[in-house]
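Given these sequences and hints, build the entire structure.
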Amino acid sequence: MWLRDMISSLLRRWYVIAALLLLTVGLCLVVKQSFPSTYRAHASLVLMPPTSTVGPEGNPFLFLTGMGQILDILAVEVSTADTAPPFGQLYPGMSFVTEPDRGSSGSIIRVTVEGDDPSQVIPALEDVVALVPKTLTAMQDEQRVPTPSRVGLMTLVMDETPTEDAKSKSLSVATAAAGGFALSILLTGFIDGRMLARDERRGAPVKDGSASDLRTLRRARNHKHVDAAVPGPGTRTPPAIPPVEDRLTVDAKG
1 MWLRDMISSL LRRWYVIAAL LLLTVGLCLV VKQSFPSTYR AHASLVLMPP TSTVGPEGNP
61 FLFLTGMGQI LDILAVEVST ADTAPPFGQL YPGMSFVTEP DRGSSGSIIR VTVEGDDPSQ
121 VIPALEDVVA LVPKTLTAMQ DEQRVPTPSR VGLMTLVMDE TPTEDAKSKS LSVATAAAGG
181 FALSILLTGF IDGRMLARDE RRGAPVKDGS ASDLRTLRRA RNHKHVDAAV PGPGTRTPPA
241 IPPVEDRLTV DAKG
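So the sequence shown is residues 1 to 254, counted in our numbering.
Check before you lean on any hint, since a few could be wrong.
Under the rule of at most 16 Å between Cα atoms (straight-line distance), these lysine to aspartate or glutamate pairs were calculated in the EDC-like manner [what the hints assert, rightly or not]: (1) 134 - 82; (2) 32 - 164; (3) 134 - 77; (4) 32 - 165; (5) 167 - 114; (6) 169 - 116.
Derived DEER-like restraints, expressed as beta-carbon distance ranges [stated by the list, open to error]: (7) 105 - 143: 24 to 32 Å; (8) 93 - 199: 52 to 60 Å; (9) 167 - 64: 32 to 40 Å; (10) 181 - 104: 40 to 48 Å; (11) 160 - 104: 20 to 28 Å; (12) 178 - 66: 46 to 54 Å.
To be clear, the hints were calculated from the coordinates, so they are not data collected in a lab.
Beta carbons are placed, not taken as given, at the ideal position from N, Cα and C, and that holds for glycine.
See the structure below:
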């Protein structure tokens, strides 16, 4: 019943729902322009074991495990406050994250740079990637680690072009569209109800079969019945017919 009345309201006030849907489209465009796109680029570097562990003729890729502690410390050191301010000054509005790649069995550090300027993402990523081995060297210099025992770094992959992350923008636009559509339907039903109530007070029923219109028609019909039952001014009232007993008494006396 409610669904049928709502559909009737939308059909009856199609111009209202059309105007509200146009406003919803405009709202979606404003939301889309208000949320700038975010661009990201990634790079991965792997810790290489020291030559003292591998040996002169050993394969370093067979000794990539067991350096998880060094990896965690390196990821924290690259992201310290001493590194963040210079990066923010060189690349305003951009940020970077260095973290261990937990999805890999090797000691791999993952670097992610993101920002709203696609032309600056790759240069920023290159600077952060160059900063990682410098930070590792400074850490080992501070501990006076001998050269044969030093851990090295090798770049595995690095993006050449940034990728756009439109997930947050798409979610915001979809939320605005869903909210605007629902509000348009509810507001159209409210406006239609107010207009029907106004027409009912004026005694102007609308021929669409709705419940309020049927109530108006019944009220008008009952009003006509009442008017027909009550005699108006100037109407002659027929003489009353006496009861049968009274007529028999009169005949007997005559």
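Status of each hint after checking the structure:
Taken as a hint, the residue 134 and residue 82 pair is honoured in the structure, with Cα atoms around 13 Å apart against an allowance of 16 Å. Between residue 32 and residue 164 the CA atoms are separated by roughly 14 Å; this keeps the pair inside 16 Å, and the hint holds. Simply put, residue 134 and residue 77 have alpha-carbon atoms about 11 Å apart, close enough for the 16 Å limit, and the pair holds. A hinted pair counts as satisfied when its Cα atoms are at most 16 Å apart, and residue 32 with residue 165 qualifies at roughly 13 Å.
Straight-line distance between C-alpha atoms of residue 167 and residue 114 comes to about 14 Å, which keeps the hinted pair within the 16 Å bound. Of the pairs offered as hints, the one joining residue 169 and residue 116 holds, with about 13 Å between alpha carbons and a cut-off of 16 Å not exceeded. About 26 Å separates the C-beta atoms of residue 105 and residue 143, a value consistent with the hinted range of 24 to 32 Å. For the pair residue 93 and residue 199, the supplied restraint of 52 to 60 Å holds, since their beta-carbon distance comes to about 57 Å.
Separated by about 33 Å at the C-beta atoms, residue 167 and residue 64 satisfy the suggested range of 32 to 40 Å. Restraint check, residue 181 to residue 104: a C-beta distance of roughly 45 Å satisfies the suggested window 40 to 48 Å. Against the hinted window of 20 to 28 Å, the Cβ-Cβ separation of residue 160 and residue 104 comes to about 21 Å, which satisfies the hint. Range check, residue 178 to residue 66: about 51 Å between beta-carbon atoms, so the 46 to 54 Å window is met.
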